Structures are given as structure tokens and as C-alpha cells.
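Colleague: The chain contents come next:
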Amino acid sequence: MSWTWLHKLSSPPHAYRITGRLAPWLGWPALALIVTGLYGGLVLAPADYQQGDGFRILYVHAPSAWMSMFIYATMATAAAIGLIWRIKLAHGVAAASAPLGAWFTFLALATGSIWGKPMWGTWWVWDARLTSELILLFLYFGLMALRASIEDRERADRATAVLAIVGIVNLPIIHYSVYWWNTLHQGATITRLGKPSITGDMLWPLLVMLAGFTFYYFAVLMTRLRAEILRRERDASWLKTELSA
Amino acid sequence: MARTGTGAAFWLIFRRDLLLAFRHWDHVVQPVVFFAMVTTLFPLALSPELGELRQLAGGVLWVAALLAALLGLDFLFRSDHADGTLEQLLLSGQPLALMAIAKAAAHWTACGLPLVLVSPLLAIGLGVPTTALCTVMLSLALGTGILSALGAIGAGLTLGLRRGSMLLSLLVLPLAMPALIFGARAIDMSIHEDTARGPLLLLAAMLVLVVTLAPLAVAAALRISAE
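Protein sequence lines correspond, in order, to chains P and C.
Quick note on the numbering used here: the first sequence kicks off at 1 and runs consecutively.
Quick note on the numbering used here: the second sequence kicks off at 1 and runs consecutively.
There may be inaccurate statements among the hints.
Which chain C residues face chain P? A few, computed with CB under 7 Å, are given here [said to hold, decoys possible]:
#	residue
1	Leu133
2	Leu161
3	Pro178
Simulated crosslink set (SDA-like; lysine to any residue; CA at most 20 Å straight-line) [claimed, not checked]:
#	chain 1	residue 1	chain 2	residue 2
4	P	Lys8	P	Leu22
5	P	Lys88	P	Trp238
6	P	Lys88	P	Ala148
7	P	Lys88	C	Arg223
8	P	Lys88	C	Glu227
9	P	Lys88	P	Ser237
It should be emphasised that the hints constitute simulated quantities derived from the structure, not laboratory data.
Note that the structure is a prediction, hence the values are computed from the model and not measured.
Even glycine gets a Cβ: it sits at the ideal position worked out from N, Cα and C.
So that you can see chain C by itself, here it is in the shape it has in the complex:
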């Protein structure tokens, strides 16, 4: 029997995961609704004054997006683990690190990308000027990408554990803090009509690093968890 090429396997997994994600469309919508709701909490808790909210908008958007993206991470490997797909992946002879990054990429497309797409709307609600919306989307796109890759490590390690989702946040959030720093900073700078190039480039560098190294850790984690 001819062996499937690695590239083909990558696309197969990517497409399969996306298909599954969009069939359970509530999994796609829930983080977005959560994102919108957490963002709404801040004006209620702090002040409806747009001038004040604008000062906090970068941080609020980022924290809300991080938490929303974390929600979806729990499902990353769980159903595959439950129905045996994960074992098949392990036995398939394909490089597990690449398969893991395919799954993380699909997860980002189904969970991170929708957050990025609604973020301008929420940003306007927080008084962010329209000139900064591009930076908002870009920084969140890079940031949720970093979180998807980092979170895959946590999801692999906590696979099949009781109270896994709580533990997952505990493991992943400290690792994601640098991304938060630069991401929120980038939005803040562009709100103040400063060029946000520096933090965005750093964020992109971080994404490259994480996408390069995290798959190896994810593969190791999956092998440990699936034993």
C-alpha cells in the first residue's frame, strides 16, 4: 500500500479538523461570544467613559481574547484521544510534530481567527480609533497563533486528566505572558498614534519561535499521554 506523503497527511488532518470544528459550530461560536461578553464586562465594571476605556482597551481586548482562546484549547486533542484517532496518528508513521502543528493550525483557524475577525467591532466599542483597528487585528492574530501553539503543549500534557481544563490554564498562562505584554503594548501604541512596529515584530518573532519548537514538545507530550 502506498504511504501517504507527509504534506498530504498534514492537509488531511488540517481539513478534517476544520470540518469537524465547523460541524460543531457551537464550538466555534462559543469562544467568540465569551470574548464579546468579557469585553462587555469592563465598561460595566470600570466606566462607560470612552476616553477612559480607550486607555485600557489594549489590555482588555488581549486578556479577553487570551481567556476565550484558552476555552477552546481543551477540545484540541480530547475527542481524538477518546475515539482512538490519536493512537492511529501515533502509529501512522508520519512525523508526529507535523501532525500536531496541523491540528494546532486548524484549531487557530476555527478558534483564533473568529476572535480576530470580531475584534474590530469590540475595539470600536471600547473607543479605539479606526486607525488602530489594523494593529488590533494583527496583534491578536499573532497572539492567538502563539497561544494555539503553546496551548497545544498544555493540551497534550493534560490529556485525559480530571479537571484538565483548569490545569491547562494554570500551565499555559504563565508561558503566554510575554505575548500579552507585547500584544497589548502594540495596541496601546497605535491608539496613541505611535507606530506599533516594534512590538508587532517581536510578537511575530515569538510566533516563529513557538511554531518551530512547540510541535516537538507537543509530540513528546502526546506520546507520554497516549501510552
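So that you can see chain P by itself, here it is in the shape it has in the complex:
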């Protein structure tokens, strides 16, 4: 099997063109899916028998939480690829993903907190999910801070990649230790968002939102990756011909 397509894809000029072409193909479906999901979730889905309309924030909260972890995994994979095969574009993907992941993590925390106020009666509880999400946010901050404080781009790329890989090895440990800690300290004071087998008309908007958020991430990733390529290749000759064309 020939690997030339991969090398072609990882060359900046080619990637710049491809990402430009892909961005609208990902962006418009994302918009359509999110609008559909929001309409389904906020209007069509029946109110919860216990939580009333308050549960509807789930349609933003759960996909955000999913994205926060999905993006970390994508970022760490890209970082590993960049580190092992020395593909600059992969580092670009990792660099472009980190702020997005941090935002989704923040969004998950914020929506969880807004949901928690009427449901639990408080803005914040040291619930296992909230806490491990918060630690994830700290990991994102660490990665962004490390990248920002290294002047040399290549060194920044590779150092951040090492940290991202260390982080992904550590994530399950953090996750499970937080659960363990939580069950010991809190017991049954909180009834977590129980899963009384969610009904179909509540479930489909959630899945649509999930798909919409994923599309949105990739659409924004393409745009950010283009910006990243422009920044990294600003002295390259292909860019001059590309932009003047």
C-alpha cells in the first residue's frame, strides 16, 4: 500500500487547501444538526416528570462533556503522531485543539453548575464528575500555558506533545480516584442525574446535538488549523503564490 497520500496530506500547502475546502462541508451540517437538536430538545421533547424543563440544559451539557474528553483524546493522538513521525501538521492539530477542548470543558462545567442550582440547590458540589471535569480543565490550562511559554515553536510542539501523552495516561487514574474519593466522602447525599432509561423522544435530540457538536469541533478545527498553518509557514514561498492567486 502506498503511503504517498498521507505524506501529501501532511504537507502544509496541501493541508491548507484541503482544510479550506472541508471547513464549509463540516460547518453547515454542524449548524443544521445543532439547530435541529436544539429544536428537538427545547421544544419537541417532553418535560421531565421530576425536573420539569430544567433538564433541557442536558442537551448542551452532555455533548459538551463528551467533547471535552473526545477533544483531549484527539489532541493527544495528534500530539503522539507528531512526536513519533515528526509531522508538523499533527502538532498544528494539537495546538488548534487545546483551546477548543478547554472551552468545551468550561461549557460543561458552567452548564452543570447552572443545572445544579435549581436541582441540587447549590451552584457547585464536589461531585465526582464535576471534579474530574475541573481537573481536566486544569490539564488543558497546563498544556496551553506550556505551549505559550516556550518561544521556539518546534520545542513548544514537542514538549506539549509529551505532556499531552502523560496526561492521557493519567486521565483514567484521575477519573477513577476521584470517583473513589467521592463515594467515600459524599455517600448518597446527591442523587446523580439518574438514568431511568431515557425515552426515545428525549434521546434523539441528544444524539443529534452530539453529532452537531462533533461536526462543529471539526469545522472550527479546520479553520483554526488554517490559521495555524499560516502562522507557521508565514515565510514560505508557496504561501505567497497561494495567497496572490
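Given the coordinates of chain P, assemble chain C onto it according to the supplied hints.
Modeller: Coordinates of chain C only, in the frame set by chain P:
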């Protein structure tokens, strides 16, 4: 010229780092004083009541020890980087991961171990019963070991950066949180006359994992930083 064996190189680095650490004895004493001072802050801030302090002792000791151990991490590779020793290590042909773990081990002996040794004194000050002192020392010994190995990754990555020490804490603390959970829990359990075996074993498992995997990351980090 005969090449030094890897084991011999390991001991050479370990001994050299210890010697250097104890010649700058202030580097050894400072974290201990810091540890004692942070621990003193809590009774002043919260309450002098031993009964209340006892409830918090595990967490207070652990947080203070983590911060104190972090202080010393900044020096782990810095002087070696500045005077070229690090380049010599990279060129020596010895496995860099093993050399890194030798340095981390020396760091633990000079920085973590003193914290462990003074911890019973501070624990008694916080109203911890004498029956729990053994657990206090054991959990801190394992925990500072984990921090030395994890912190070496951070120290390698932030080598030669401006504001490196602040960044180092930002990188290492989230990774060290599981150790904090189990360590503080172990002390808490033994204060309440419960057997702390479970969390201590988990802590030990974590130490084994970190000591196995972290050197590889440290070596990668050092290669990147020393380029």
C-alpha cells in the same frame, strides 16, 4: 577507554546529586521549614482546637508536603542544564531514562525524605494520635516519591524557561491529585482507627507505575529541552 556500566553510572549520579544537595544544605532545609510553616498556618487560620484540627490533619499535611516538595523540583535539572552536565549525560551513551530516575531518586532523598522525617512532629501538633504516625510517614513517603517522579517530567519540560517554577506547579499539580486523594485518605482512616491498608496499597501501586513510566517521559522531555 572502558565504558562505565549502567549500574555504576546510576550510582555515580545518585551520589553526586546527593553530595551537591547536602553541600547546599539550605536547599535541603528550606522545604522542611516551608512544610512546617504552612502546617502552622492552618491552626492559626482555622482553630486551635485539636479535635477540629484532627479532622483536617490528613489533608493539611498532604497539601503542605506537596507544595513543599514542589519547591525543590525547580532545581532538579536547572544547574545541570546551566553548566553543561546535562549535555554530557545526553552524550554519555547511558540510557537517559535510568539517569533521570537516578536524579529523581536523589532528589527524593534530599527533599522528600526530610519532609517524611519531620512529619510526625507536625502531625502531633495537629492532634494526630501516635498510633497513626506510622501511616502518616508511610503515606507521605510514597506520595513524595510519586511527586518526585512526576515532577521530574515537569522539570524536564520547563527547563530553561522564564517563570518556569510557576508553570511547573501548573503542570504537575493536576497530575498529582490522585496521590493526594489516597494519601490524605489513608491518614484520615488511621486517625479514625481504621486500617489504612487499601489506600496505602493503591498509593504504592501508583508509585510503581510512575517510577516505571515517568523516566521515559523525563528522558523525552530532557532531549527536547536540551536541543
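Colleague: Each hint: holds or not?
Modeller: Hint check results:
{"no.": "1", "hint": "Leu133", "in the structure": "22 Å, violated"}
{"no.": "2", "hint": "Leu161", "in the structure": "5 Å, holds"}
{"no.": "3", "hint": "Pro178", "in the structure": "4 Å, holds"}
{"no.": "4", "hint": "P/Lys8 with P/Leu22", "in the structure": "16 Å, holds"}
{"no.": "5", "hint": "P/Lys88 with P/Trp238", "in the structure": "16 Å, holds"}
{"no.": "6", "hint": "P/Lys88 with P/Ala148", "in the structure": "17 Å, holds"}
{"no.": "7", "hint": "P/Lys88 with C/Arg223", "in the structure": "18 Å, holds"}
{"no.": "8", "hint": "P/Lys88 with C/Glu227", "in the structure": "17 Å, holds"}
{"no.": "9", "hint": "P/Lys88 with P/Ser237", "in the structure": "17 Å, holds"}
Going through the hint list in order, the structure does not satisfy hint 1, though it satisfies all others.
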